[in-house]
Structure formats: structure tokens, C-alpha cells
Amino acid sequence: MPTITVHRKDLETLLGIPFDADEFERLLELVKGELDDVDAATGEMRVELNDTNRPDLWCVEGICRQLVAHREGSGKGYDFFAPRTAERQVIVDASVSGVRPYIGACISRGVTVDDTLLTQLIQTQEKVCDVYGRKRRSIAIGIYDASGLKFPLHYKGVSPSEAAFVPLGMDEPLTLSQIAEMHPKGQQYAPIVSRHAQWPLLVDDADTVLSFPPVINSRQVGEVQVGDSELFIEVTGTDLRMVTMVINLLAANMADRGASIDPVEVVFPEETPFGRTVVMPRHLERVQAVTLPAFRRVLGEDVSVEELVKALTAYGYQARTAASGVEVTVPPYRDDILHPVDVIEDFAISRGYDAFAAELPAEFTVGGLLPLEKYSDRVREQMVGLGFQEVLSNILVGREELTDHMELHGAKLVSVSNVMTASYSVLRNAVLPSLLKMEQQSGRAFYPHALFEVGEVAIPQADAPMGSETRVQLAALLAHAEANFSELTAKLEMLFFYLNTEYRLEGVDHASYIPGRAGRIVVGRESVGIIGELSPEVLENWGITVPAVAFEIDLNALSAA
Amino acid sequence: MTLPDPESLVSSLHPLEVAVIQALVKAREATDAELAEAAQMDPARRDMACGWLAEKSIIECAHESVAHTVSLTETGQRYASGGTPEARIIGALTAGRELTMASLSEALEMEQSEAGTAVGALKKAAVITSGKGGALEMVPGADLAQFERVGALIAQVASEGTVDQATLPEEQQQALDGLHRKRGKSKGVFRVDEHRTRTYVLSRLGSEVAALLKDRAQIEEIGQLTSRILADGSWKGKAFRRYNINLKPPRVAVGRKHPYRAYLDQIKAKMVAMGFQQMTSPLVQNEFWNNDALFMPQFHPARDIHDAYFVADPKHSKPVEEPFFSNVAKVHADGGDTGSTGWNYKFREMQSRRLVLRSQGTADSAHKLSEGPDIPGKYFSIARCFRYDQVDATHAPDFFQVEGIVLGEQINFRTLLGMLKMFAHEMAKADQVKFVPAYFPFTEPSVEMHAKHPKLGWIELGGAGLFRPEVTGPMGISEPVIAWGLGLDRMAMVALNIHDIRDLFSSDLDLIRTTRGGV
Numbered sequence: 001m002p003t004i005t006v007h008r009k010d011l012e013t014l015l016g017i018p019f020d021a022d023e024f025e026r027l028l029e030l031v032k033g034e035l036d037d038v039d040a041a042t043g044e045m046r047v048e049l050n051d052t053n054r055p056d057l058w059c060v061e062g063i064c065r066q067l068v069a070h071r072e073g074s075g076k077g078y079d080f081f082a083p084r085t086a087e088r089q090v091i092v093d094a095s096v097s098g099v100r101p102y103i104g105a106c107i108s109r110g111v112t113v114d115d116t117l118l119t120q121l122i123q124t125q126e127k128v129c130d131v132y133g134r135k136r137r138s139i140a141i142g143i144y145d146a147s148g149l150k151f152p153l154h155y156k157g158v159s160p161s162e163a164a165f166v167p168l169g170m171d172e173p174l175t176l177s178q179i180a181e182m183h184p185k186g187q188q189y190a191p192i193v194s195r196h197a198q199w200p201l202l203v204d205d206a207d208t209v210l211s212f213p214p215v216i217n218s219r220q221v222g223e224v225q226v227g228d229s230e231l232f233i234e235v236t237g238t239d240l241r242m243v244t245m246v247i248n249l250l251a252a253n254m255a256d257r258g259a260s261i262d263p264v265e266v267v268f269p270e271e272t273p274f275g276r277t278v279v280m281p282r283h284l285e286r287v288q289a290v291t292l293p294a295f296r297r298v299l300g301e302d303v304s305v306e307e308l309v310k311a312l313t314a315y316g317y318q319a320r321t322a323a324s325g326v327e328v329t330v331p332p333y334r335d336d337i338l339h340p341v342d343v344i345e346d347f348a349i350s351r352g353y354d355a356f357a358a359e360l361p362a363e364f365t366v367g368g369l370l371p372l373e374k375y376s377d378r379v380r381e382q383m384v385g386l387g388f389q390e391v392l393s394n395i396l397v398g399r400e401e402l403t404d405h406m407e408l409h410g411a412k413l414v415s416v417s418n419v420m421t422a423s424y425s426v427l428r429n430a431v432l433p434s435l436l437k438m439e440q441q442s443g444r445a446f447y448p449h450a451l452f453e454v455g456e457v458a459i460p461q462a463d464a465p466m467g468s469e470t471r472v473q474l475a476a477l478l479a480h481a482e483a484n485f486s487e488l489t490a491k492l493e494m495l496f497f498y499l500n501t502e503y504r505l506e507g508v509d510h511a512s513y514i515p516g517r518a519g520r521i522v523v524g525r526e527s528v529g530i531i532g533e534l535s536p537e538v539l540e541n542w543g544i545t546v547p548a549v550a551f552e553i554d555l556n557a558l559s560a561a
Numbered sequence: 001m002t003l004p005d006p007e008s009l010v011s012s013l014h015p016l017e018v019a020v021i022q023a024l025v026k027a028r029e030a031t032d033a034e035l036a037e038a039a040q041m042d043p044a045r046r047d048m049a050c051g052w053l054a055e056k057s058i059i060e061c062a063h064e065s066v067a068h069t070v071s072l073t074e075t076g077q078r079y080a081s082g083g084t085p086e087a088r089i090i091g092a093l094t095a096g097r098e099l100t101m102a103s104l105s106e107a108l109e110m111e112q113s114e115a116g117t118a119v120g121a122l123k124k125a126a127v128i129t130s131g132k133g134g135a136l137e138m139v140p141g142a143d144l145a146q147f148e149r150v151g152a153l154i155a156q157v158a159s160e161g162t163v164d165q166a167t168l169p170e171e172q173q174q175a176l177d178g179l180h181r182k183r184g185k186s187k188g189v190f191r192v193d194e195h196r197t198r199t200y201v202l203s204r205l206g207s208e209v210a211a212l213l214k215d216r217a218q219i220e221e222i223g224q225l226t227s228r229i230l231a232d233g234s235w236k237g238k239a240f241r242r243y244n245i246n247l248k249p250p251r252v253a254v255g256r257k258h259p260y261r262a263y264l265d266q267i268k269a270k271m272v273a274m275g276f277q278q279m280t281s282p283l284v285q286n287e288f289w290n291n292d293a294l295f296m297p298q299f300h301p302a303r304d305i306h307d308a309y310f311v312a313d314p315k316h317s318k319p320v321e322e323p324f325f326s327n328v329a330k331v332h333a334d335g336g337d338t339g340s341t342g343w344n345y346k347f348r349e350m351q352s353r354r355l356v357l358r359s360q361g362t363a364d365s366a367h368k369l370s371e372g373p374d375i376p377g378k379y380f381s382i383a384r385c386f387r388y389d390q391v392d393a394t395h396a397p398d399f400f401q402v403e404g405i406v407l408g409e410q411i412n413f414r415t416l417l418g419m420l421k422m423f424a425h426e427m428a429k430a431d432q433v434k435f436v437p438a439y440f441p442f443t444e445p446s447v448e449m450h451a452k453h454p455k456l457g458w459i460e461l462g463g464a465g466l467f468r469p470e471v472t473g474p475m476g477i478s479e480p481v482i483a484w485g486l487g488l489d490r491m492a493m494v495a496l497n498i499h500d501i502r503d504l505f506s507s508d509l510d511l512i513r514t515t516r517g518g519v
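Chain order of the listed sequences is F and X. Residue numbers for the first sequence follow the numbering used here, so the first one is 1 and each next one is one higher. Residue numbers for the second sequence follow the numbering used here, so the first one is 1 and each next one is one higher.
Chain X extracted, bound-state conformation (with noise of 0.2 Å):
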């Protein structure tokens, strides 16, 4: 490792390294604690500057001891006053009182766990024995010296405060440890903390650089460059303290967009650049355009898919305008003038203006149909929707589905398979896709779209169709209709390294502020 030259290091030293320095320069040597007290700092700044010193080899370590002081636990402290239950045990069958085990702990005010403990190893000491009933007896002669070591070693303690581990007498000692160790450390009797102690001294480098520190304070500093100090001009022949610029900074609140709005940003420009004009209607809808004008016939199965929120109040739309309701109304009941047989049922107007929350953003296209689209034209929605699922890592109360349209004489099966494959390039960057036979309600032919995504692998990217001439007709559309739809949130949540779908909705400010999003 090349040293950096002191000249250098002189000029970026913080004034807490040049205080420990200078410190060092009168003493030669200084334990942290001297240190401390030489340069005039608190311990916390005193380790900061000595770390960033040593690292910057400015100093060093010539010596490091440990010690260790006991003083005593709150269990300590309480057998300080009342005695170890050991001895209180002993004291008590001395005093001719009757013990058994189960009395025990009732008659000496002892926790249970604690008299067991005391018990059992004074009977390894064979100190006590069970007699008769379970009565507890001294056993004649016993040799008593290690509970009144112990008793004596927590006296010394308790007046001394603290107690250096190494002035103790070995046999102290050792039934220190035994009491350390055997009661772990929440019921220890005493507790052995440990202390540092770091002798700091200058190395080569650092005298070079302490020298240089003496010339330099010739010269004054300045800190901070003020208006006063530009106004009157006392910078000049004056240096500027040098910055560590590898300090971490705080963190400040920004400005910023919520990360899976500004993804959705970017498909709303993607969209634009292909081509497409924004739809919309509203969150409220009559399931005549959220179903029936999507040739979804009322009793059908796929309503109970898209099961949907109801409205309470009102529960019905006002009626369904004209000659929208009649057309959808007779292509329902039998085909109208598309071709289609219908599907033969009566069909029901207040069901039709039953009120829902929209429950998939097709009913954007159904509407868009109804209010003359530019043909050719493509259109493309970012469509809140609801349904009526438990909500959970996969379901959101509410969500968004891109959805659109496309209208026009060239529409027909391929240039559908040409628009997702466009699709797939240009939300995916997947260039291999799978074209898969699908069912939706209101399309035929229909499609589902699989795709190979860079991180993913093959993915779901979206399903399709032709709209069904019993959708486009009451409408008064003639040409060919794609309709499509894209399931982007599994890309999102990638983008966004999110695992769970609600959190794309979050209420934690935290989360939005750490997201980092990133198309």
C-alpha cells in the first residue's frame, strides 16, 4: 500500500483529528480515556476522530488491555440484603426450623425455581439431606465454605460497588465463575462486563504529519465561505479546510411521481406513439354497457365471472339511449340483422339498467363504439375496475386494465396477431409469442397472447379478439373491430420489485419514498 503524502492529508484533516493529534503531540502516548480529557471531547467524537485517524494511518495502537469489573445483578442486590437462598436455607434448618421441599419456598419467601436450585446443590454438597416425609436435614459436619465464600464475595461486591476481576483471589474467583455461568445470564448474581483500554500513539506518518500541522497553523482556516467574507475580500491568502466528501448525506424528502403511476405514464405515451387516442366512461356504469352491449346474455355463466359490485342506491340507470337499447335488446333476444341466431330470451330492461361498478374496461370500448370512432381508428383506455373478490396479494379492492379497440377495413384475424406481436415488442420486449385459442364473451375469433419476457420467461401478456358482429352492429359499427386487453400488473410489479398487488396502492409513505421503480 502507497501512503498518501502528508501535504495532502494535512489539508483535508476534520478539526476533531487535529485536536487528537495536537493531544498526541504534547503527551507521546494517551489511553482513550486521556485522550478524551486532552482534546476536549466526548468519547463518542474521541472514537470517531481515532478511527478516522487510524484508518488514515495517523496513528496507531501501541497497546490494548482488558479488563474486567463484577459488580452485581438486581438478584445480586438482593441477596446482598437477605442472603443467598443457599445460606437462608441453611440458616433456617440451623435454627431447628421444619423444612420439607414443598414448604420451602412458602416459609422463606423464595421464588419455587429458586429454592429447587438452592436445594439441589446443596444436596450435591451434600450440605442437606430428605429425611423422613420429605424433611429437609443438615447433614452433621458438612463442610459450608462455598456458600460462605459466596456469601462473602457478594458482601465485598455490594460495598465496593465494582470489583476488577483480577484482584480477586483465585478461590473467589472461581466460584464467581461457577455463579456467572451456572445462572446464565438473566438470574446471574453478578455481572463481569468487559473494558478496552487503547494506548494511542503517533506513527511515522503521523509525525510528518504533525509537523506540517505546526506550519500550517500559521495560516488561518476558513470554514465557511460567507457573503461577508466575499463582500470585503478577507479570503484572499487564506485557505479553505479541505471536506470529506465521502460523508453519507441525509436523506430530504423530494418531489417525485408515485412509482406505478409514472409506469403507467409510460404506457399511456407507448400507446400514443402507436397510434392510439384515449377513452374513458365513467366508474359507474349500467351493466348494459358493462355486459349486454358486449352480447354477454343475461343469464349467462360469464356474468358470474365477472361478478360486480352493485350499486345501492340508485340501483338503476336512467334509460339506456337510443337506438342503442332496442338494437342490443333485439340482437339478444334473436340476432337482429347481424346474422346471429341471439340467444333466444326475453330480454330484461331493468336488469339491463341494473348499476354496477365498472368490472372490466371493455365497457370503455362498448361506449366508444356508441359515439362514432374514427374508422380506421384506435383507441385504448386505462380503466379502473372492481370485482367482487376477497381481497388479498392477488386481488386489489379496485385496479387498472388497459383495454382498447381497433376499427377499421384491414382489421381481420392477422393484422389482430400483427397488433399484439407489436404489442409484446413494445411492453415486453419479447419478439417470441404464442398465439393460444381463448374464450371471451363478446370476441370471435379470440386469442390469448403468451410471450417471452427478458426476466420473466413466457408470461401472459394479454388476451384478444375480433368483436362479435352481435357487439359491433347495434352499435352501427360495420367494420371489423380488434379488441384487446393487456395484463401489464405482473410487469409492473417486476418493474417495481413489488410481490404483493396491493402494494402497488399503498398507504405507506415509506414504501413509495424507498420504491425505485424504473421501466
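Chain F with its partners taken away, still in its complex shape (with noise of 0.2 Å):
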């Protein structure tokens, strides 16, 4: 969720309203945001934006848009969306196809930078990379002087090793394969086009490089400073969409600043969605219609069209009767309307959730638990009753307490490939362990120690689904001075009692336990589950220095016995 820093003036400038920190928190709410932050004496405020697919909401121009928009009570015209001719081009060439195929632009003038919007243009360009463009992989910006720039430009491949530029950030040309091994911003992001045998490079009419998409911009004319006002903004990546999107939403920022958009035509080296040669900013002529219906469907009343017209217009939309409700077109700097119900949620949002009035459905269902779940509890019961204290641990471990504390070497695991600390890399597979953790941790405790846990486990299991199976166990462990094995069957034989089940033991060797005193615990032909003297090594492994006597049993196996 993108986290942005707004100023105060900048937000007073857009907005049109002296700041009111309550009323902008309340208002926030019309664009998912929540205000985290009000740093009285600078001004500066952090805004969490909680809507993944609105990127046009990322920076204070969109923010403000919107909140303007439902102040006003429609969104603000803008004229450059409309079809155009162009006077500049960028010409893309075929050798980008099978790469970084798509590139937009416009050129904003009029608007002379100062500190504040290169704050802001920068934090927009990063969020929208980072975030909506999953780190330049499908979107990435470049801002430029657009004074010194003689048009057209070429969007080209070109052999990495042969073409060079002095990219930010250094003094000396470099390679493009020089960037990539060497400059910071090359190891991050040629790794995106580096397997490809020509890579993008953008160029003027006169040879001179403004950048190497989607890693650098060049030095000598890549880099906005503040006093620059005609700004050439281009937008590379691998859907044309997603790319004159994110043209059209830099577009409107800079139009609701005050500048004035000039169109950039593109011309493709073949036929695209929206033609070969594409003028841009454009609208992406998403229209959606909604029915009565379809409203009455999700919010549980009939709303009329002329309350729909009105609250989509004051939520930035086109918006007019159809047939059989409503129709909108999409603002151009969004692109997230996939389906009706997206135009019902903000229809919703617009009018306020609070106008809706709660109702509980009226249709009667029975409620219930799982078999297993209730078999669980009247087993935890049974242990409380038998005086043990039940505990809960974590079940994502290190493999060591399950294996090697155990005696239990090269045991099969459900392990984590991502590992990020080694305690916490592989699901339990028994429980047992869990117990005897906590016994290593509790010798201050007062004794005796009687534990036991009911909880899930993963058994790696080849022909599962999953490639393991989720079970639930029972451990109990009795640890004090004279614990024994005949105490801890005592125990065993009355919990079976209670559960009115019949069991035997069968002499077993388990590398966990004392050889000659741990048995399986067998249910008509099926072993359930193992109790025994721990081995003084297990007790060594884990630092326990009073005896212990534990059991584990399979629940699934039981309660099915």
C-alpha cells in the first residue's frame, strides 16, 4: 500500500480550502486513504492510499482531484484527452517489439518547477514504478528539459555493448552493459531487459540519448531541475494501456498544477489497439453501463438514475441514463473498472456508506463445528480434567528442534524456501516438540510440569494434493522429578476410558525414546500414536534436567478409529 508525504500549501493550492486536518481525515475517505501523519511545523503529512489499482490517486494532484470533484460536484474537464494532431513524434522501431514494446508522451509547459513539485513529481514517478508497475517491469517514467530537444525521437534497440552515454550519477560514458554491470540503478533494473540481444534506448533527432528505459535516464538532459517549465514526460512498458494510462494521469497532474498538455503522436512499427500511430494523452474509451437492477442487486435498494448521475459525476465520471440504468465513461487516468460492481462501490463511496441503513438478513441457518473440531475439544477437556495445563505455540519452527533434538535425523519436512530466520523455516510435523520447547524454557516454573497441546501439524505425503497433509495432534508431556511411565499411562488409560475407546500398547523403538519403555498406542489394527521415557539424549538436546514422559497421538487417526 503506497505511503506518500504531502505538504499543506501544495494540498491548500490543489484543494482550493484552507487544510482542516479532521475534515481532510473525513474527506480521505473518499479515496481509501488514511491520514497517518500531521507534522504541524513543516506542514508535512503522510497519506496511506489503500487502493492498489488507483495509481492515479498515489500523489496530491489525484487526491485533490478527487475530493475537488465531490466538492464541486463533477470532475474537472480536461480538453487534451480529446482525438488531436500532434505536432512532435517519438518513432518507435521494430527491433523494441519482442522487448519494452510500448512507449507514450505529452509535454507539459507553463509550469515552472520549484522545490516542491520535483518533490512531488519524484514521488509520484517512484510510487508509480514501484507499486503499479512492479519495479519498472511494465511501467517506467522519464522527465526531461524539453527545451533542448529536437524532434522526433527514435525508440530503438540497440547493441548494449556499442552504444554509450553518460547516465546520472556519473561523470564518463558508459556502455549500456557498462550501466548494467557497474551503476546502481543498472544492476537494479537491467536485469528487466538484459536478456534480450538489443536493449531500449530513446534518443533525439540529433543523436543525443535521453535515456536507456527502463534503468537511467541520461545527464545531460535527463535531469528535471528546479526553474525548468517545459517538461517532456515519456512512459515506457509492456502493455500499451497500462502505459498511456499512467501518461494520462502525469497529464492531468500537471494540468491541474496549470500547465498546458501538448500531445506527442507515436508511431508503432505496426498496428496496435489503438492504431498504428497513437496521439497521446488519449482517452482509453472504457464506457460501462449499469443497470437498475444490477444496483439494486448489491445495495439492497432502488436507487434512482437521477441519484446515480449525480453521485458518479461527483465522483469524477461521465455519467448518463441508459436503457436500463446507467452508463459512465471511465475518467482516463483510471483503468481499474473491470466489472459493474466497481462502479457500484464508488457510486456507494460517493453518496456516503453511512446513507445506507444496516439490516440483518433475515434467513435462518444452523450453525455447527467440524467433526474434528469437537472431537478436539471433548479430548482438551478430558487433559484439563487430568490436570494438565494446555499451552499454544507457533507452528512454523526451526527443522533442528524437530530432527536432531529429537534424535529424529533427516526426518522429511515441510520446509520454506524463503527462509528469513532460521528458527522459523519448517512446519512441525509432531507436536511434541512444541512441549518439550517450552519444558527447556519453563525450570523455573514450579513443578511438577504436566503439559499437553491439540494442534495442527504437516506430514510431507507425495500423493497429497498439497504434497503434505494437515493433521491435528495431541501431545502431553509430564516432567518432574519422579515422572515415570506408569504415571503418564495411568493418564493414558483414563483419557481412552472417557473417549470410550479401546487401545493396547506394542512394545516399540523409537530413537526419541528409552529402548524397553515406549510402546505405539494401537487402536483396532491401527497404530494412533507413541508414548514412552523420553531418552536422557533427547533431554540432554533440548537442556532438560528433570525426567519426562510424553505421548502423541493422531487425532484424524483416532476419531476415525
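Simulated from the structure, these hints should not be mistaken for lab results. Any given hint could be a false lead.
Which stretches of chain F does chain X cover? Using the computed rule of at least three CB atoms under 8 Å from a CB of chain X, they are [what the hints assert, rightly or not]:
| # | stretch |
| --- | --- |
| 1 | 63 to 76 |
| 2 | 292 to 304 |
| 3 | 362 to 370 |
| 4 | 408 to 422 |
| 5 | 441 to 450 |
| 6 | 465 to 477 |
Far from chain X, some chain F residues (derived; all Cβ distances over 12 Å) [claimed, not checked]:
| # | residue |
| --- | --- |
| 7 | ILE91 |
| 8 | VAL99 |
| 9 | ARG219 |
| 10 | ALA348 |
Ideal placement from N, C-alpha and C gives every residue a C-beta, glycine not left out.
Take each chain as given, in its own frame, and dock them per the hints.
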């Protein structure tokens, strides 16, 4: 979720009214935003935007655009989205087709860059490229001082070892390969294109390099500075619709600050969904019809067409009456309307959630627990009655807790590939190690210790759909100076008595237990668990200094037995 | 204050108390030491019994004296055998040795700080001065009396072991005060200990009690009732010793539910009471059920929000069940027949089959949609979830999410709000709620509920929305479905008086035993 920094003065200019923190906080609901932090001294504040499909809202201009539309009752009209002819061109060479095929551009004139604008430009560029553009993979933005550029520009693929220019942050010309290798931005972003033989380059008609998209701008023209007033804005990417929408939102942002926007024509080597030549900014021509029954079904009440048109217009749409409801044209700087429900939500937001009367669904349903849950609860109740303290453990644990500590070396486990900390790297396959971990850390708690846990474990299983099975197991541990096998079998006996289940013990050699003092718990013909005195090796591995006896029972198996 | 009547006091006396009273009857008055001797008990028991009796006003402290005894510290004992640093410096200089401040500690084998302090004291008393080149020199005719007195006092205490401070002559007491204070506790030469001696007598009430006690002595008291006494009837005609019922009992280990599990049990019971059936799904999921079925596009930044743990081996699940796989792939690509445009990209099967540790409880809801749920129907799950987060006070390695769905023809935005209000009332005893627009990839409209908790004030209680048709359609559900999730951890932590989320899963038995819970 993007969080942006906004300046109070900038906000007041764009909103056209004095700032009031409480009022602003309330208004932010319209853009699914939250005010995190207001620094009264500097006027800086942080705003968190929750809608990951609305990059147009990840900047102060976009937030204000939405709020002003709400106040004025309709969105601001922009003349530059209508079809126009452009004086300037970008010519796309076929060599970028398989690499990064799309580019869009426009020119902003008449607004001089100051410190605030520069910070906001950089912030918008970063948020849009990082989050919406997936760290520049699908969207990268470049902004330049337009005054020295010689049009038409050329967007083409070049040999990375031959083409060279001075990138931002360097003093010497470097080839694209060298940039990929040495420049921090090259190391970070060149992998997006480096598997191709030719890499993208944007040059002007005099062969001056503007940038190596999506990696780095040239130092000569690719660094916007305070005082610049004619900006060339370009966006490259993998999807023409996304590229166009980002140009649209950047153009709208500049226009909101008073700039006039000059279109730029992009000439593609072949047909695109928008034609071979595309003038940007341009409408995305997204029209969505929504019927009155659809509104009714989602909202639970009838809404008049008049109210719909009014509220949707106040949310920035062009809305009109249509055959069986309304039809909206989505603003060209948004492309998040996939389905009529998206428009319906915007209507609800525009009208205000408070305007909907809450009511309970009248349909009657019967609640209930899953059979295994009921069985587990019964087992837990018995264990509490038998004097055990229930515990609750994390189930993402360290590998050695399940293996070496238990003298079960090399056991197969569900393990994580992107480990953050070794102590949270595998899912437990048994509950007992969780109890031993507690015993290890509780030597100072007064004795005796009688612990149990009923909890989930993951057992690797090659033929299971997810490669493992989740099961529910019960483990119990007795630890004190005189803990022994017979004390625990007495408890086990009573547990099974009240679970109304016949069982028997069959001697077993198990590495965690003392030989001759462990047994399988067998119900019918199925082994459902194990009980025994923990071996001194295991106790030593855990650093436990009192004798301990334990059992572990698979409740999936036991409840089915 | 009205005194309790002697009769009832007598009946509740502890044997130790009786012994002290009897000793005082004989001796009229006695010091602590004499009492311990006469009543034949160790000082701890004697103090306990005297404390009880004094509290009941049976005995009184007639006289209390404080004595100070002087003994040598370790430093003092060292000085007793080797001489004080001052004396040794005087001795060495008198013997004609050449010493400077710098060479002093090595030459006389004393600590630097000790040497420094001693030279300072000697200079201040005008016993020595620094001459040429820093050489220390005796001042002719200096008065050495105060240093000799200290030496003598050390020698005396050393030979006698302890000395009553009051018996020392005044000038020695002064020397003692100086050394006792000047050098602090750790490095002092002498230790002065305070001894209090109390002399006890019986009060008037005590005398009455003692008289009654004497009468009672004729009757045998029973301590522990036993089977034998019951069988032979020997208890008849005898009194039972009265217990002090206010003694603090020892702690015992009990069988008990874990406080957080008990809290979750209550949530479970609430959900069932509101007509919800439980649902579940495995800890390990493929991305299909964790994300794709929830219409989160495979490229979408929302998948960064749900940064998950990926499974190492195997990396992929078996092929996803049909028709769900094809339906979901199609709805991502072009919306299928849901009326959506879809995300317009190429859906990748192997990413869909990538195994992850369940990162959101909504995965359980996705499974339930595919399993032919009851319509109308309500479902909930308390699902263990995992996020790729650094573990700290607000992030546990795994945690529970309480989530669910409600299906039916009557489901819409207004019934969604109604249900959330019911949750606020049932789960947080909150009747004031606020609904705020929210964003979740799988619901539209989406809402976040803030509720006014009686203790916590306004809290974010949960998020909810109507499942997008792109979520329900591919699962064969045509009715509207509410998806909801509740954030209960904060309330649980308040109920359990816990401030670190990791303590909900603590491995500290003491903490669990002392966490009282109560919801």
C-alpha cells in the first residue's frame, strides 16, 4: 500500500480551500486514504492509500482531483484527452518489439518546476513505477527538460556493448553493458531487459541520448531541475493501455497545477489496439453500463437514475441515463473498472456509506463445528480434567527442534524456501517438540509440569494434492523429579476410557524414547500414537534436567478409529 | 479498638504461641534470646510467634535496646596483619627509604588508589610533604597520634573479634566514625552492625489468656483428625485445635485451558451461536486457492502485500481441480462469463500451482465456495496464517485469522453492514460503529468497520465486502456472498493483559500459569 508525503501548502493550493486536519481525514475516506502523520511545524503529512488499483490517487494532485470533484459535484474536464493532431513525434523502431514494445509521451508547458513540484514529481514517479509498474517491469517513467530536444525522437533497440552515454550519477560515458554492470540503477533494473540481444534506447533526432529505459536517464537532458518549465514526459512499458493511462494521469497532474499539455504522436512499427500512430494523452474509451437491477442487487435498495447520475458525476465519471440504468465513461487516468460492481462501489462511496441503513439478513441458518474440532475439544476437556495445563505454540519452527533435538535425524519436513530466520523455517510434523521447547524454557516454573497441546501439524505426503497433509495431533508431557512411564499410562488409560475407545500398547524402538520404555498406541489394527519415557539424549539435547514422559496421538486417526 | 475475648483467642493459639506464653508466665519478662532458649525454638520461629502474639496484643515489648558491634572487614583484617597504608608509608620513610608518589604503590605493594588516599590523608595532617622531584618526605616533629590510634583500634578489634562500640573511649570512637564513613562500605576497615534486643512481657489480655490456657491444659486438644480417632471414638469429649485460617496456601499446578485458546473457544461459541458453520483447509496451499481463486492477478502488487512463505519441496501442487482451474484462468484472462473484462494477461498454470504456507484465512473461504456450500449459509474459520515478516512485538511467525462468508439471495451491501454491526455487538460489546470504504482485491464494495470498544475506544474491528462476481462465478455460485474478517488479536491481548503478540504463543509456563484471561 503506497504511502506518500504531502505538503499542507501544496494541498491547499490544489484543493482551493484552507486545510483542516479533521475534515481532511474524513474526506480521505473518498479515496480510501488514511492520514498517518501531520507535522504541524513543517506542514508535512503522510497519507496511506489503500487502493492498489488506483495509481491516480497515489499523488497529491490525484487525491485533490477526487476531493474537488466531490465538492464541485463533477470532475474537472480536460481538453487534451480528445483526439488531436500532434506537432511532435516519437518513432518506435521494430527492434524494441520483443523487448519493451510501448512508449507514450506528452509535453507539459507553462509550469515552472520548484522544490515542491520536483519532490512530488519524483515521488509520483517512484510510487507508480514501483507498485503499479512492478518495480519498472511493466511501467517506467522518464521526465526531461524539453527545451533542447530535437524532434522526432527515436525509441529503438541497440547493441548494449556499442551504444554509450553519460548516465545520471556518473561523469564518463558508459556503454549500456557497463551501466548494467556498474551503475546501481543498472544493477537493479537492467535485468528487466538484459536477456535480449538489443536493449532499448531513447534518442532525439540529433542522436542525443535521453535515456536507457527502464534503467536510467542521461545526465545531459535527463535530469529535471528547479526552474525548468517545459517538460517532456515519457512512459515505456509492456502494455499499451497501462502506458497510455500513466501518461494520462501524469498529464492530468501537470494540468491541475496550471500547465498546458501538448500531445505527442507515437508512430509504432505495426498496428496496436489504438492504431499504428497513437496521439497521447488520449481517452481509453472505457464505457461501462450498469443496470438498475444490478444496483439493487448489490446495494439492497432501489436507487433512482437521477441520484446515480448525480453521485457518479461527483465521483469524476461522465454519467448519463442509459436504456436500463446508467452508463459511465471512466476518467482516462483510471483503468480499474473491470465489472459493473466497481462502478456500484464508487456510487456507494460517493453517496457515503452512512447513507445505507444496515439490516440483518432474515434467512435462518444453523451453526456448528466440524466433527474433528468437536472431537478435539472433547479431548482437550479430558486432558484439562486429568490435570494438564494446555499450551499453544507457533507451528513454524526451527528444523533442529524437530530432528536433531528429537534424535530423529533427517526426517522429511515441509520446509520453506525463502527462509527469513532459521528458527522459523519448517512446519512442525509433531506437537511434542513444542512441549519440550516450553519445558526447556520453564525450568524455574514450580514442578510438577503437566503440559498438553492439541494442534495442527503438516506431514509430507507425495501423493497428497498439496504435497503434504494437515493433521491435528495431541501431545502430552509430564516432567518432574519422579516422572515415569506408569504415571503417564495411568493418564492415558483414563483418557481412552472417557473417549470410549479400546486401545493397547505394543513395544516399539523409537529414537526419542528409552529402549524398552516406549510403546505404540494401537486402536483396532491402526497405530494412532506413541508413548514413552524420553531418552536422556533427547533431554540433554533440549537442556532439560528433570525426567520426562510423553505421548503423541494423531486425532485424525483416533477420531476415525 | 475492641479486643477479642480471651476465650476465642485461646482456642485459636498456635502451639508456638502457646510455648512463648508459657515461657513468659515463668520468666515474667524475657529478651528475644531468653525466649528462644526458654521456649526451645529457633530465632525464626520465635520471631514468627512473637509477631503473631504482639499483633493480637497478648504480649508487649517492654523495652528495646540497640547495640552496635564493631568488627573488621576484609580490608581491616589485612591492615591488622600488615599495617594500615598510612602506617606503612610512615614506617618506610622513617626507615629512610626513598619514595615518590609514582613509585609508592609498587615499592610497598599496595593498590594505587589505596596509596593515593593514604598520601592524601598524611599530607592533610601535615605528616609528609612532597619535596624535590616529587620525593615524599616526613615533616619533622609531625603529630602521628591519630594514625597510631587507628592502628591500635584495629589491633584491639582484631584480637577481640567484636567489640561493643559503647565500650570504646571517645577518641577511638571518633577515629572509628572517620574510617567507617570515609571509606564507604565496600572498602571500609570496620563493619558496624546494629543489634536490637527486645524484652517482652505479657499484656493484661495476655495474662487472662495465660490463665485460661492453664485451665485448658487439662483438656487434650486434637490436631489432625484421623481414621483411627474416628474408628475408636477417642475424639469424644476433646477439643480440636483451632486453625489460623488466614495462612496463605501454597500454589498448586492445575489442569487448565490455555488462556488464548480459551478466548478462541469463546469466539467459536459465538460464531456457532450466530448460525455459522465451521470450515477449514490445509496449512499448505497452492497459489490457486491462496490468491488466484480470489481474483488476485498473478502480477498484482496485492501479492506483495501478502508476501508469503514458499514451500521448498515439492514446489508445486498436483494439477488444480476442474472446472475450477479453467474457470479461474478464464476469468483472469478475459472475465469469462461474469460480465468482467478480466485482468487481460496470460494466466500461468505453474505459478498457480506454486505451494505456499496459507497467507490469508480467505483461502478457506475460496475452498468452501468450491465445495457446494449451503445457500443460504454462513461459515467461519479460525485459520493459522503465515506472513513473510520479521518477527517482533506486533508480528508472530504464525497467527490466527478469524474469517468467513455468508451466502444467500438476501445478501447485499445493507445486510453486510447489518452483519458487521452484529459482530461489533457480539464480539466487542460495541454498539457504536463507523463504516469506511476499503480495498480488498476480492471484494467490491469493500468496507472497514471501526467500532467503539468499551475499554479500547475506537478500533478497527474488521474488514469485509461482497465477493466480486469474478470470485464466486468460477466456483459456480451465482448468489451474492459476504466475505468478512475480524481483527480480534488486539481485543484478545487486552483481555489477557498481554502487550507483545508473541506472548499469545509464549513458551514460558510461568506466564501461562499466571495469565488469568477472562473475556
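#### Entry: Hints not upheld, ascending by number
Of the numbered hints, 1 and 10 do not hold.
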